Amino acid sequence: NAGVTQTPKFRVLKTGQSMTLLCAQDMNHEYMYWYRQDPGMGLRLIHYSVGEGTTAKGEVPDGYNVSRLKKQNFLLGLESAAPSQTSVYFCASSYSWPPGDREGTEAFFGQGTRLTVV
Amino acid sequence: AQSVTQPDIHITVSEGASLELRCNYSYGATPYLFWYVQSPGQGLQLLLKYFSGDTLVQGIKGFEAEFKRSQSSFNLRKPSVHWSDAAEYFCAVCNSYGNKLVFGAGTILRVKS
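First to last, the protein sequences are chains U and E.
Residues in the first sequence are numbered from 105 upward in steps of one, following my numbering.
Residues in the second sequence are numbered from 10 upward in steps of one, following my numbering.
Isolated chain E, as found in the complex:
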């Protein structure tokens, strides 16, 4: 069965510090991978996605993620966090023939000044 694990429920970083949010997936087929961000009271917004090709993908708001097939991981990174990045982040996976995006439980990011 498809599953996505985000090991960190909460992460707190200082403004200006680097950030890495972890995502591991379990999937039998070639996965399509996504990171979404949810600001309080808002819907989900797509940050970036991986379908194929270069395993380092760039997204909006200065985020990037690296797909590592050998580790079944798709970690999200940002070199310097801004206070406006405080939000909940979700990793998700699907494949080409299903009709379901499977989400991780989410990681809540707090940014301290």
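The shape of chain U in the complex, shown without the other chains:
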């Protein structure tokens, strides 16, 4: 059982380049989330999805797009990378909301993608 897998784990981009981060979960979870983690700021929600084919904006959505074409995958895209998007990106998934209200429904996190934009 792989849980939540993020690809790639590290990436360096030049300003203006584009890329897509892939999050895959094998737990049949409905909810998926993308967070960014910056020093001293904790994790901030970028976008989330409550099911296949749905997406919604989180706290800091500007400069990012997402897609959830398949239930198990949640893609985060940067169309034109900026140095301010240098961060560690975490994907998470949960069976339901709120995560953890029943046994086995807690949110699971991937290991992160460290992105540097130069």
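Keep in mind that the hints were calculated from the coordinates and are not lab data.
Any given hint could turn out to be false.
Some, not all, of what chain U presents toward chain E, calculated at C-beta under 8 Å [said to hold, decoys possible]: (1) Gly146; (2) Tyr152; (3) Val154; (4) Gly167; (5) Phe194; (6) Pro202; (7) Asp205; (8) Phe213; (9) Gly214; (10) Gln215; (11) Gly216.
List time: in silico DSS-like cross-link candidates among lysine-lysine, alpha-carbon distance up to 30 Å [what the hints assert, rightly or not]: (12) U:Lys161 x U:Lys118; (13) E:Lys70 x U:Lys174; (14) E:Lys109 x E:Lys77; (15) E:Lys58 x E:Lys70; (16) U:Lys113 x E:Lys58; (17) E:Lys109 x U:Lys113; (18) E:Lys70 x E:Lys121; (19) U:Lys161 x U:Lys174; (20) U:Lys113 x U:Lys161; (21) U:Lys175 x U:Lys161; (22) E:Lys58 x E:Lys77; (23) U:Lys113 x U:Lys175; (24) U:Lys161 x E:Lys109; (25) E:Lys121 x U:Lys161; (26) E:Lys70 x U:Lys113; (27) E:Lys109 x U:Lys175; (28) E:Lys58 x U:Lys175.
Since the model is a prediction, treat every value here as computed from it, not as a measurement.
Glycine included, C-beta positions come from ideal geometry on N, C-alpha and C.
Fit chain E to the known structure of chain U by using the hints.
The following block gives chain E in isolation, referenced to the frame of chain U:
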């Protein structure tokens, strides 16, 4: 607006000493509260959670936390810290109708031998 404050950015304790990490939240509705731990280069792992009932909750790895509504706090404690507890700890809050976990800025725990 929902917010979570972890007042201590860094804490250093000696191995075997007790630990308390502070968390205060600002929330208009009944909160659901969580503590997560992040080891270097890893994702977040759930330590414990509070939804309702007994305000003292037990978690994994010997951690516990107490919900105090009057103080809007959910402090994490451990009676005796081990070197393997060195990590970053995050407090988080959500409610039943939103779709967002709000995280604090985190507390980095260092354990000295």
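Comparing the hints with the structure gives:
1. Gly146: holds, 4 Å
2. Tyr152: Result: holds, 6 Å to nearest chain E Cβ.
3. Val154: Since the shortest Cβ distance to chain E is 6 Å, the answer is holds.
4. Gly167: violated, 19 Å
5. Phe194: holds, 6 Å
6. Pro202: Cβ of U:Pro202 sits 5 Å from chain E, so the hint holds.
7. Asp205: Where the cut-off is 8 Å and the nearest Cβ of chain E is about 6 Å from U:Asp205, the hint holds.
8. Phe213: Given a least distance of 4 Å, the restraint on U:Phe213 holds.
9. Gly214: Interface hint status for U:Gly214: holds (5 Å vs cutoff 8 Å).
10. Gln215: Holds: closest Cβ of chain E sits about 5 Å from U:Gln215, inside 8 Å.
11. Gly216: Nearest chain E Cβ about 6 Å off; hint holds.
12. U:Lys161 x U:Lys118: Given that 30 Å is the threshold and the Cα spacing comes to 25 Å, the pair holds.
13. E:Lys70 x U:Lys174: violated, 36 Å
14. E:Lys109 x E:Lys77: holds, 22 Å
15. E:Lys58 x E:Lys70: Distance of about 14 Å is within 30 Å: holds.
16. U:Lys113 x E:Lys58: It holds: about 29 Å lies between the C-alpha atoms, which stays within 30 Å.
17. E:Lys109 x U:Lys113: holds, 24 Å
18. E:Lys70 x E:Lys121: holds, 18 Å
19. U:Lys161 x U:Lys174: Judged against 30 Å, a Cα distance of about 18 Å means the pair holds.
20. U:Lys113 x U:Lys161: Answer holds: U:Lys113 to U:Lys161 is near 24 Å, not above 30 Å.
21. U:Lys175 x U:Lys161: holds, 18 Å
22. E:Lys58 x E:Lys77: Answer holds: E:Lys58 to E:Lys77 is near 14 Å, not above 30 Å.
23. U:Lys113 x U:Lys175: Answer holds: U:Lys113 to U:Lys175 is near 22 Å, not above 30 Å.
24. U:Lys161 x E:Lys109: Since the Cα atoms of U:Lys161 and E:Lys109 sit roughly 10 Å apart, the hinted pair holds (cutoff 30 Å).
25. E:Lys121 x U:Lys161: Given pair E:Lys121, U:Lys161 is violated - Cα atoms ~42 Å apart, limit 30 Å.
26. E:Lys70 x U:Lys113: Satisfied, since the Cα-Cα distance of roughly 27 Å is no more than 30 Å.
27. E:Lys109 x U:Lys175: holds, 19 Å
28. E:Lys58 x U:Lys175: This hinted pair holds, its Cα atoms lying about 27 Å apart.
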